[in-house]
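Below are the chains, spelled out letter by letter.
2 protein chains.
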Amino acid sequence: MEPIRRASLIKATIAEIGLAGSLEVTVSRIAKRAGMSSALAHHYFGSKEALFLAAMRDVLRLYGAEVRGALAAAEGAEGRARAVIRASFSPANFRREVIAAWLNFYVLAQSQPQARRLLRVYQRRMVSNLRHALRPALGDRAGVVSQGIAAMIDGVYLHAALGPLAADPTAAAALVEDYLTRELECRA
Amino acid sequence: MEPIRRASLIKATIAEIGLAGSLEVTVSRIAKRAGMSSALAHHYFGSKEALFLAAMRDVLRLYGAEVRGALAAAEGAEGRARAVIRASFSPANFRREVIAAWLNFYVLAQSQPQARRLLRVYQRRMVSNLRHALRPALGDRAGVVSQGIAAMIDGVYLHAALGPLAADPTAAAALVEDYLTRELECRA
DNA sequence: TTGTTTATTGACTCGTCAATCAACAAAAAA
DNA sequence: TTTTTTGTTGATTGACGAGTCAATAAACAA
Numbered sequence: 001m002e003p004i005r006r007a008s009l010i011k012a013t014i015a016e017i018g019l020a021g022s023l024e025v026t027v028s029r030i031a032k033r034a035g036m037s038s039a040l041a042h043h044y045f046g047s048k049e050a051l052f053l054a055a056m057r058d059v060l061r062l063y064g065a066e067v068r069g070a071l072a073a074a075e076g077a078e079g080r081a082r083a084v085i086r087a088s089f090s091p092a093n094f095r096r097e098v099i100a101a102w103l104n105f106y107v108l109a110q111s112q113p114q115a116r117r118l119l120r121v122y123q124r125r126m127v128s129n130l131r132h133a134l135r136p137a138l139g140d141r142a143g144v145v146s147q148g149i150a151a152m153i154d155g156v157y158l159h160a161a162l163g164p165l166a167a168d169p170t171a172a173a174a175l176v177e178d179y180l181t182r183e184l185e186c187r188a
Numbered sequence: 189m190e191p192i193r194r195a196s197l198i199k200a201t202i203a204e205i206g207l208a209g210s211l212e213v214t215v216s217r218i219a220k221r222a223g224m225s226s227a228l229a230h231h232y233f234g235s236k237e238a239l240f241l242a243a244m245r246d247v248l249r250l251y252g253a254e255v256r257g258a259l260a261a262a263e264g265a266e267g268r269a270r271a272v273i274r275a276s277f278s279p280a281n282f283r284r285e286v287i288a289a290w291l292n293f294y295v296l297a298q299s300q301p302q303a304r305r306l307l308r309v310y311q312r313r314m315v316s317n318l319r320h321a322l323r324p325a326l327g328d329r330a331g332v333v334s335q336g337i338a339a340m341i342d343g344v345y346l347h348a349a350l351g352p353l354a355a356d357p358t359a360a361a362a363l364v365e366d367y368l369t370r371e372l373e374c375r376a
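In the order they appear, the protein sequences are chains R and L.
Using the working numbering, the letters of the first sequence correspond one by one to residues 1 to 188.
Using the working numbering, the letters of the second sequence correspond one by one to residues 189 to 376.
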């Protein structure tokens, strides 16, 4: 039972965060959506905070899987870099609840050490993926450019999720790819 | 009295948001910090939500003033673009409470129409400033590149505020400027 | 069968907090 | 001086919510 309950609760947590847009969500609502009493949610997760962290971890896990899949299917070094970018703008990442999870994740990372650690791991892995793909073409510049692209992915995602780029993930990815193209085309 | 009280409350609100890292801040705490009763805070702002919005508006106003100042002091078109970028990474924007305000602003923009409107205005103005500065050098590409830079500013800010770039605003600005340099150097 | 672990909940505790209101004070207008 | 407007608060209300607990049931082991 335990793994089933935990999975249901995590799913319900993400759904409720998406609905509220924030972490102002009650354990009762989450438990209700998952079809159980709030006491049981506390039984399995101990606290609301732990439940949130598990949910965040789940979002990251899904995103990581997507990136790995895209990397595996990509051809060549440049192709791998572009695959990472495109995976970051897949429709899955623009579902209301995923956007909400990310934004609240950032907020949580300010004050919650575990959330911060989690975010760092994600950012490091992203930069590492990009650097590995760009090293052959860019050499020493690969590090800086990878950081730039990683940051730009998050920034463009933010704009696409909340701003004028809304609802056009393809155009969003194109912006980041444009940067990559410039760096590849005219090497210093 | 009214303008003084309002200003104190806004200042206290930003400070408390910075302290908590989130919007989970009580009107009482804010009022206490501002040296008055919570009833008075409600008297002047009507609701917690209105107080938050006023605080967000204040953060945006300060940022806008900084950008305008930098623009006025800049020389040439390219200089103006670089001024916008550098202003975005000024120490003022990396104060704990300003970071907290921005992150929570994004969260709020998902569900609060006024916050969303405010954010759109800020984003539009930023892109418009950049486009105006880049038009002479980039022509038709100015629009796309401006959107890219605007997004990258927010993304790099996010990384600098929460991630590995932490505490090095100059390096952060350099990442964005690198993108600009590429676009200027090798025109398609 | 009996005892033990696992699953589950309703009811409850204890605390918090936004918003209201009646009342008081003080300045300004009449 | 009286009246009105403005500034101010303590006390209260009404609601909500995290976490606990005792109790029940069901599977399972001895």
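A couple of the hints might just be wrong.
Restricting the straight-line Cα-Cα distance to at most 30 angstroms, the calculated cross-link-like pairs of lysine-lysine (DSS-like) are [to be verified]:
#, chain 1, residue 1, chain 2, residue 2
1, L, K236, L, K199
2, L, K236, L, K220
3, L, K199, R, K32
4, R, K32, R, K48
5, R, K11, R, K32
6, L, K220, R, K48
7, R, K11, L, K220
8, R, K48, R, K11
9, L, K199, L, K220
The set of hints was computed from the structure by calculation and includes no laboratory data.
Since the structure is predicted, the reported quantities are computational estimates derived from the model, not experimental observations.
Each hint, compared with the structure:
{"no.": "1", "hint": "L:K236 with L:K199", "in the structure": "14 angstroms, holds"}
{"no.": "2", "hint": "L:K236 with L:K220", "in the structure": "14 angstroms, holds"}
{"no.": "3", "hint": "L:K199 with R:K32", "in the structure": "39 angstroms, violated"}
{"no.": "4", "hint": "R:K32 with R:K48", "in the structure": "14 angstroms, holds"}
{"no.": "5", "hint": "R:K11 with R:K32", "in the structure": "12 angstroms, holds"}
{"no.": "6", "hint": "L:K220 with R:K48", "in the structure": "29 angstroms, holds"}
{"no.": "7", "hint": "R:K11 with L:K220", "in the structure": "39 angstroms, violated"}
{"no.": "8", "hint": "R:K48 with R:K11", "in the structure": "14 angstroms, holds"}
{"no.": "9", "hint": "L:K199 with L:K220", "in the structure": "12 angstroms, holds"}
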